[in-house]
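Q: Take a look at the letters that make up each chain.
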Amino acid sequence: MIRMRTVTKRYQRGGQVLTVLDQLDLDVPQGDFVALMGPSGSGKSTILNLVGGLDLPDAGRIDVAGADITAMSEAQLPAWRARHVGFVFQAFNLVPVLTALENVLLPLQLQPLSRAQRRQQAEFALEIVGLKDRMDHRPKQLSGGQEQRVAIARAIATDPDLVLADEPTGDLDRESANAVMGLLRRLNAELKKTLVVVTHDAVAAEHARRVLHLDKGVLAREELNPSPGQAAPAAGRAAR
Amino acid sequence: MKAPWLLVGRHLRAHWLRTGLTFGSLFFALFLFCLLVSLVTTLDDAIRQSADDRVIVQSAVSLFVDLPLDYQPKIEAVPGIERVSKFQWFGGFYQSREDFFAQFGVDHDRLLEMYGAEMGLLDPEGTVSEAGRELAQAGLDADRRACIIGEGLARQYGWKVGSTVPLQSGIFPMRDGSAWEFNVVGVYRPLKRNFDDRTIFFRYDFLDETREAGLCDGGPGVGVYSVNLAEGADAGQVIAGIDRIFENGPQKTFTVTEAAFQQTFISMMGNVPFFVGTIGGAVVFAVVFSVVNTMLMSSRQRAHELGILKALGFSDGAVGTLLMVESLLLSLLGGGLGVGFAWVSQEGIRVASGAYLPTYAVNPSTAGWGLLIALGIGLVAGLGPSVAAARLRPVQALRSEG
Amino acid sequence: MALPLAYTVRNLGVRRASAALTAIGIAMTVAVFAGVLSLRAGFEQLYRPRGDVTVAMYLRPGAASEGESAIRREQADILLKERPEIERDAGGRPLAAAEVFLAVYMEKRDGGLTNTPLRGIQPMSLELQGERLKLAEGRWMEFGADEVVVGRPLTERMAGCQLGEVVTLNMTPFRVVGVFEHDGAEGGEIWGDAERFMAALDRPVFQRVVARVRPDTDFAALKAELEHDTRIPSEVMSEPEYLAAQTQATGGMLEFLAGLLTVIMGAAAILGSINTMMASVAARTHEIGVLRAIGYPRLSIFLTFLLESALMGLLGGALGLLIALPFDGLETGMANFQTFTDVSFAFRLTPLLALKSFGLAFLLGLVGGTLPALRAASLKPVEAFRQL
Numbered sequence: 133m134i135r136m137r138t139v140t141k142r143y144q145r146g147g148q149v150l151t152v153l154d155q156l157d158l159d160v161p162q163g164d165f166v167a168l169m170g171p172s173g174s175g176k177s178t179i180l181n182l183v184g185g186l187d188l189p190d191a192g193r194i195d196v197a198g199a200d201i202t203a204m205s206e207a208q209l210p211a212w213r214a215r216h217v218g219f220v221f222q223a224f225n226l227v228p229v230l231t232a233l234e235n236v237l238l239p240l241q242l243q244p245l246s247r248a249q250r251r252q253q254a255e256f257a258l259e260i261v262g263l264k265d266r267m268d269h270r271p272k273q274l275s276g277g278q279e280q281r282v283a284i285a286r287a288i289a290t291d292p293d294l295v296l297a298d299e300p301t302g303d304l305d306r307e308s309a310n311a312v313m314g315l316l317r318r319l320n321a322e323l324k325k326t327l328v329v330v331t332h333d334a335v336a337a338e339h340a341r342r343v344l345h346l347d348k349g350v351l352a353r354e355e356l357n358p359s360p361g362q363a364a365p366a367a368g369r370a371a372r
Numbered sequence: 156m157k158a159p160w161l162l163v164g165r166h167l168r169a170h171w172l173r174t175g176l177t178f179g180s181l182f183f184a185l186f187l188f189c190l191l192v193s194l195v196t197t198l199d200d201a202i203r204q205s206a207d208d209r210v211i212v213q214s215a216v217s218l219f220v221d222l223p224l225d226y227q228p229k230i231e232a233v234p235g236i237e238r239v240s241k242f243q244w245f246g247g248f249y250q251s252r253e254d255f256f257a258q259f260g261v262d263h264d265r266l267l268e269m270y271g272a273e274m275g276l277l278d279p280e281g282t283v284s285e286a287g288r289e290l291a292q293a294g295l296d297a298d299r300r301a302c303i304i305g306e307g308l309a310r311q312y313g314w315k316v317g318s319t320v321p322l323q324s325g326i327f328p329m330r331d332g333s334a335w336e337f338n339v340v341g342v343y344r345p346l347k348r349n350f351d352d353r354t355i356f357f358r359y360d361f362l363d364e365t366r367e368a369g370l371c372d373g374g375p376g377v378g379v380y381s382v383n384l385a386e387g388a389d390a391g392q393v394i395a396g397i398d399r400i401f402e403n404g405p406q407k408t409f410t411v412t413e414a415a416f417q418q419t420f421i422s423m424m425g426n427v428p429f430f431v432g433t434i435g436g437a438v439v440f441a442v443v444f445s446v447v448n449t450m451l452m453s454s455r456q457r458a459h460e461l462g463i464l465k466a467l468g469f470s471d472g473a474v475g476t477l478l479m480v481e482s483l484l485l486s487l488l489g490g491g492l493g494v495g496f497a498w499v500s501q502e503g504i505r506v507a508s509g510a511y512l513p514t515y516a517v518n519p520s521t522a523g524w525g526l527l528i529a530l531g532i533g534l535v536a537g538l539g540p541s542v543a544a545a546r547l548r549p550v551q552a553l554r555s556e557g
Numbered sequence: 125m126a127l128p129l130a131y132t133v134r135n136l137g138v139r140r141a142s143a144a145l146t147a148i149g150i151a152m153t154v155a156v157f158a159g160v161l162s163l164r165a166g167f168e169q170l171y172r173p174r175g176d177v178t179v180a181m182y183l184r185p186g187a188a189s190e191g192e193s194a195i196r197r198e199q200a201d202i203l204l205k206e207r208p209e210i211e212r213d214a215g216g217r218p219l220a221a222a223e224v225f226l227a228v229y230m231e232k233r234d235g236g237l238t239n240t241p242l243r244g245i246q247p248m249s250l251e252l253q254g255e256r257l258k259l260a261e262g263r264w265m266e267f268g269a270d271e272v273v274v275g276r277p278l279t280e281r282m283a284g285c286q287l288g289e290v291v292t293l294n295m296t297p298f299r300v301v302g303v304f305e306h307d308g309a310e311g312g313e314i315w316g317d318a319e320r321f322m323a324a325l326d327r328p329v330f331q332r333v334v335a336r337v338r339p340d341t342d343f344a345a346l347k348a349e350l351e352h353d354t355r356i357p358s359e360v361m362s363e364p365e366y367l368a369a370q371t372q373a374t375g376g377m378l379e380f381l382a383g384l385l386t387v388i389m390g391a392a393a394i395l396g397s398i399n400t401m402m403a404s405v406a407a408r409t410h411e412i413g414v415l416r417a418i419g420y421p422r423l424s425i426f427l428t429f430l431l432e433s434a435l436m437g438l439l440g441g442a443l444g445l446l447i448a449l450p451f452d453g454l455e456t457g458m459a460n461f462q463t464f465t466d467v468s469f470a471f472r473l474t475p476l477l478a479l480k481s482f483g484l485a486f487l488l489g490l491v492g493g494t495l496p497a498l499r500a501a502s503l504k505p506v507e508a509f510r511q512l
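Protein chains in written order, with our numbering: chain A, 133 to 372; chain B, 156 to 557; chain C, 125 to 512.
Hints may be right or wrong, so weigh each one.
What the hints assert, rightly or not - DSBU-like mimics (lysine-lysine), calculated; alpha carbons at most 30 Å apart, straight line:
| hint | chain 1 | residue 1 | chain 2 | residue 2 |
| --- | --- | --- | --- | --- |
| 1 | C | K258 | C | K205 |
| 2 | B | K315 | B | K347 |
| 3 | C | K347 | C | K205 |
| 4 | C | K232 | B | K407 |
| 5 | C | K504 | A | K272 |
| 6 | C | K504 | A | K348 |
| 7 | A | K264 | A | K324 |
| 8 | B | K407 | B | K229 |
The set of hints was computed from the structure by calculation and includes no laboratory data.
Pulled out of the complex, with its shape left as it was, chain A reads as follows (with noise of 0.2 Å):
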């Protein structure tokens, strides 16, 4: 699904030129679920923006689902990416003038579909999620476990072949970060998307199927979990 190789990338703070990624190699097969760690600095924000063709590398290529993002231009990103990516961040995800229900349906707008199609995708993923009771509630009218579900749903909404999330739990407490994460293993298993997460959280990690560890923009270590969230037996109930 991802493929890196010897990916660059550089940034200018302060009048110094900072080499956070350096000629990183990185594999994701499709249908993985990998955690990203490591700390401050470490580049794992850097290596989603870059999968999520956010941003471009100074050096390298980066395939992703088959098509070389490094080479598309900067008018093909938006598209490319509303079509094969959903993201989901830490914090301030929705847009708190639309209805839950609205944000859902803001990546489908860019998709040629009918009206009604459009709904109806909106409520499927709603659904997965558990917060389709909630679809006409504002953001502000949600906890902060329930709108990042909700930022979940807007992410699959499309059906995207990959999910990004960056810290997705880092303010949430942590029943709220179980049942989103407990969430996001569900959409690995059960609908087979490919999901990168970056986290700092350890237990948050335990979910996902591999942790890369990084450290000063290199891979230090990989760990493998034989069996993802056995780790937190109680975030399976508390997922309600």
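Knowing the structure of chain A, use the given hints to seat chains B and C on it.
A: Positioned in the frame of chain A, the structure of chains B and C alone reads:
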């Protein structure tokens, strides 16, 4: 009071676009305020500055009906009168109709004396002096085509003593189509703010002769008589006295004080001053709102930073004052510059408005009010945010974005 | 491709106070624009020429208006009798009249003196006016008698002009025997017998000759011919030309005033809306990043913010028109600087003007929103997220 005053300047600079925009709004608003108020005061001034020892004798029917020449000795016979001069409107223009300014045919032997308080004659060095007056008078006496011009005209057209000014007249056109020619013998500077500096005064007798000789059109007679009262004379009595003489004609007169005469012209402008004043008020009001808006936006965004300041130990008062100072600084600078621009553009506006507002001026008090309003805006706009800032709880502030 | 309209509209609602204040700024600008121009429209409405017939005015050479003109009796006679371009009626009488015109002092009802137009006419003058003229009350004055008729607006604005009251000219009293209505500038005048006026004022000159002329009259040639004629030197102009000259000074001044005020107020309004929109963009930076991440292209972002500002403008426009609307039809008067007389008219907010005002509001919103919209659209998603 200890406060990081440095932050005030830094903030204004950091958000230079917002600062600039608010600054601009204030600039425009205060400029417009001064402009509009000055339009109204200019008109008022004309009346207030009128001589209280002068009356104007005109036809009771219309400004455009002339009074007979034999009225002059009769007016002079009325007790309480010092001197009378004819004033005949010439209705002329220089090169095109747009080059429009006032011209009057007057009694050349009396004008300078009668209008000594309003007109100062310039001597060759360019200062108002007795020598200047004597030279001008000599010139008027010697040359039948002599004329005195205002400083404004001298500046605009480059005329000076010795120049010849050609004029076409709408009321006394030369029968052969040629232009009237007058020779400049003196340049005057207004000594009172409401006196136009773009007028030409020439000899009435020259006009009368030319007409009598059949060289130009127009009827005999005089538009108005300007009358200086003797010291201690009662204007009301003199007015009544003059009008009584001519009660039965041939032309009934309507004598008024100079102030009342000016008022007529203003009155003719109808409600324009009123509308203009209302607009001015509306504009300032609207812009005040926009500035208040800006300050509110700015303070909302900085809650986080203010929380940090308080956590560091700065007092509530200090933090509140910080915002107020920022508001005041912005308002005084922007508004102040607007007022300043209104001040320096006085001359430009006066010239641009041509004959409509020959005495346009910005009173120091108008400028003062403008600055006060700028200050007021700063206070009003800063009040809400600074009080809120003072009352802010650090914990709450640190949690918010920014 | 486009973001839902609800998104734009509701975002205006979020920053309600801010948007309202900016809309008010735009509203004020539009109100002033519409107000001053409807004053001008009302004023110029008075000076519309008649379309159906060709009318000519004869004045003294060099005169730009009646006030400056003087035509001696003999000259007027020759003009009426001998000019070939003047049409005649069935009885062979020239369809022309010599008239007296003078701006006379009258007291306004609410105080202050003003110059009211006085017109001394001949019997043919009434016929020449045709359908534009209507007798509203009383009767027409009798020629030879010291009687006058007044235009309707004067009965309300001036003192002493009601039916039955007396207007004194010099020393002669003239009784008001009728009220007339006329949709041109003449509608605010006092009319009487020219001969009686000349006698009362001791002013035996006419100011103009007005005539119906042949439709194919070549005015340029006529002008050249009469300008230097030895017996009847005249300035002759077609009615449209004459009317245009009357309005130029005042109309021009009002247009200038409208322009000046609109520019200044418009600038302040634009600054205000840039400010509001910039704040909106700044507050929604992360949100913009999310939208870009979802896949919305830059153009969508640009358009939605531009639309938001334009909507604010339209709101301001509607509000501004609401403020200006009550003025429509309001009777007022002002000096025509050209003729130096008072003219009565009403504010006229034409549909076209209303449309232009809306257009102005929209434009203000658009211009004010461009910079912020560009800023929003040019945000890189990565930057947008870093802002938080």
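Q: Each hint should be assessed against the structure and marked as holding or not.
A: Hints and how they fare:
no.	hint	in the structure
1	K258/C to K205/C	holds (28 Å)
2	K315/B to K347/B	holds (22 Å)
3	K347/C to K205/C	holds (18 Å)
4	K232/C to K407/B	holds (20 Å)
5	K504/C to K272/A	holds (27 Å)
6	K504/C to K348/A	holds (24 Å)
7	K264/A to K324/A	holds (22 Å)
8	K407/B to K229/B	holds (14 Å)
Going down the numbered hints, you'll see the structure goes against none, and every one checks out.
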